[in-house]
Amino acid sequence: RFGISYEENAGTPGTATLNGSSDTIIVHRFRMNIDGSAETDSGVRFSARVRLQADEQTSDTAPTSRGEAGAAGLNGARFSVEYEGLRVDVGNVAGAIDNMPGYYGEEIGLEYFVGQYSAANYSFLGYSSGGAGSNGVYVRYAMGDFAVAASYDQASSASGTSTTALVGDRWDIHAAYTFGNITAALGYGETDTTVKQDILVLTLGGSWGAFSGNLIVGDESVNAAGVADATTSDTFYGISGTYDVSSATSIGFTYGDGSGTGDRQQYGIGVNHDLGGGVSLRGGIGNSKTGAGTSTTRADFGARFNF
Amino acid sequence: RFGISYEENAGTPGTATLNGSSDTIIVHRFRMNIDGSAETDSGVRFSARVRLQADEQTSDTAPTSRGEAGAAGLNGARFSVEYEGLRVDVGNVAGAIDNMPGYYGEEIGLEYFVGQYSAANYSFLGYSSGGAGSNGVYVRYAMGDFAVAASYDQASSASGTSTTALVGDRWDIHAAYTFGNITAALGYGETDTTVKQDILVLTLGGSWGAFSGNLIVGDESVNAAGVADATTSDTFYGISGTYDVSSATSIGFTYGDGSGTGDRQQYGIGVNHDLGGGVSLRGGIGNSKTGAGTSTTRADFGARFNF
Amino acid sequence: RFGISYEENAGTPGTATLNGSSDTIIVHRFRMNIDGSAETDSGVRFSARVRLQADEQTSDTAPTSRGEAGAAGLNGARFSVEYEGLRVDVGNVAGAIDNMPGYYGEEIGLEYFVGQYSAANYSFLGYSSGGAGSNGVYVRYAMGDFAVAASYDQASSASGTSTTALVGDRWDIHAAYTFGNITAALGYGETDTTVKQDILVLTLGGSWGAFSGNLIVGDESVNAAGVADATTSDTFYGISGTYDVSSATSIGFTYGDGSGTGDRQQYGIGVNHDLGGGVSLRGGIGNSKTGAGTSTTRADFGARFNF
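Residue numbers (our numbering), protein chains in the order written: chain A, 28 to 334; chain B, 28 to 334; chain C, 28 to 334.
Any given hint might turn out to be false.
To spell it out: a stretch of chain B is covered by chain A in this simulated footprint if at least three of its residues, at any positions, have a beta carbon under 8 Å from a beta carbon of chain A; those stretches are [to be verified]:
no. : stretch
1   : 58–70
2   : 94–103
3   : 126–138
Footprint (simulated), chain C over chain A, 3 or more residues, beta carbon under 8 Å [stated by the list, open to error]:
no. : stretch
4   : 93–104
5   : 115–122
6   : 253–262
Note that these hints are calculated values from the structure, not bench results.
For glycine and all other residues, C-beta sits at the position ideal for the given N, C-alpha and C.
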């Protein structure tokens, strides 16, 4: 994918050794999965994946500045074993909340820069596209309309959104049930650090003709530097959806907020136009505000293609 | 490609922690393009490329010395959109002078170690094979025998031949016209740093039976550490060509020099023998001298193959 | 491959910025060879290889600890020319001892953590899977049951098992002869550092029905920090073998030791069960002791698959 992105007040003035950067920059991402698989005589499928990804630079690092190209990199490997409804992942895995249906909902713009989960601060086990990731285990079992999943790793600050060192076991679980055109999912995660952190989250998603929508609501208690953080430990909630205005064009929206004084509020709308052959034009405009901080507007537009 | 290379006085004596290196070393390069593409229903072609490259080490870095192997690396991604005669590149692109017909001419040896452009010091927007490269835009439009191209990026010292920080907008343009067996091209580039830098360059190339030749002449004004550098801001010129002595073997030569007292003069001759199946043996010998400095002889020989 | 590994006393207690690691960790390796080849009209084959590999982290590096995932990396490139019985490798090559038949014998477990060569301390020219490797040359000529090989590089501490700086030319040679179901090989290597280092090694391997076995015996003189090291310069010896208990399952064992007071003794047994389709389950348990030091037990179990 590639395009242009505008972020309010993100530009920096130039210096002798560093270009200034504009609020508006060229963005791009190249992503390729390197996959391998083998199947035993009894039908158990083994597979492995490493991802190669190149992005534009997102921050100023002399002598190159925000918006310059970044060299491609490789991430940590993920290994999977699948047999009928059972799947076990080992290595750089996505955990049970990262894989939970309806958690992310509809994300806006070419870069997915706003989402309904904006006020969720808990650092769950997530897949790392650009780095090594965690070395965890994820197990999922699906039977008809019902699925359960659990994941475990030894949490470290290498993954997730927290910059605090997280020392301890980390468990995520979810259960999902589909009835007709509606899917409901309930997830729970906890990290056994000195001050325990946890999250409980419920999602509800469905589609009715040209419209599909998604609700998220949850409660969490998280740490900042090992101390319980009341400003972000709280209830969070969000809603998102898409509407197909024609066979090729759809409009999406998202809104997320939380009850904590340190929570991030985000909302935005976007458009997606399919050109066929795996190519689409995408763009969006949105707003982000953390607690009582300044509200920042961001917009982007560009092309995305699969190969 | 791989082979051996001799460079006068390039070797270094060994120390307790570092092997000395010989003037003559083993050289090699492994290069693979990782490409992906998609085409819309209306025939617009989107493509992306990341390059994987491994070279021998070119300088002493304890504990390994010049001539040891280097680990392979990935570069920055390039994205292209093509429709009929129009092509737009975004990301780690080659600019309008890097893509100008006849700029490089015939380069000598397995490693292309001498070229007709030796006295050109202007740092234009170039494709980076080993690093992130610039995040620029390149547009080319071709109609019959005529083509025009332009490129833009925010110049930084991450690319090009200058080690000076270059802070400012950088524009390159070229126009090329082919009449019969002759192609003429005119290029202009400028970088809007505090002291403006620019280049104007004309090339003329053609082929007559077994012989093909190329002329380059240009004028430039460049900076060193932000101050106009009179020793390299000047006229530069060069000539190169090849002659096919048989259906499989060709001989090439090149010569480049400039009017500045700090300009680099290079000349050399090389030979290329095709073994079929994409394999060729290549070698060359050449000489390089910067301003009134010492003249250095360099030679190499080896095999090159495409896969 | 992936699985779990136990190593006695390898775990570390956690700190504020680093997770402790358990004695038992999740291990994995993703390895893919990126190969290219071309053949001339006269039948000379040129090829090149770069390896992409991802492992779990093997040591504590804040903020991530031993057992976390590691990002994938690329190694140095190897180039080969083959024509009838002759093969020449250039770049990141395996030398004549690394390629000697019967040197490694049967290695134990998913991770090959014990081997019959445990008391050999000489640092020969080896292929590097994770780094740049040496830039060497390896030549092998095979004629019927007989083969000879030689390799040369300028040794540096970047490769091999020695942490001492090795400054000097390094030569390895071997000759191998197969008579009936038995292969014998003799190898010699030397490194011309200030205090010369060398190794002489003899292997004998054969197979009789369901059983195959391997013997190694050798003598070496090595340096530690440029001074001859009497505790490891000595005789070393080992034995290993496998027995097929059924068409899919085999049991292996290995034992290695040396006469020096600083030599490492290792022994272990392992099992390998083939599931078909390139997938196998592998595990082992073994013991390692350096000189009069503490004996350490290690065990692992997991799945390995080729794609």
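task = Sort out which numbered hints this structure fails and list those numbers smallest first.
result = 3 and 6
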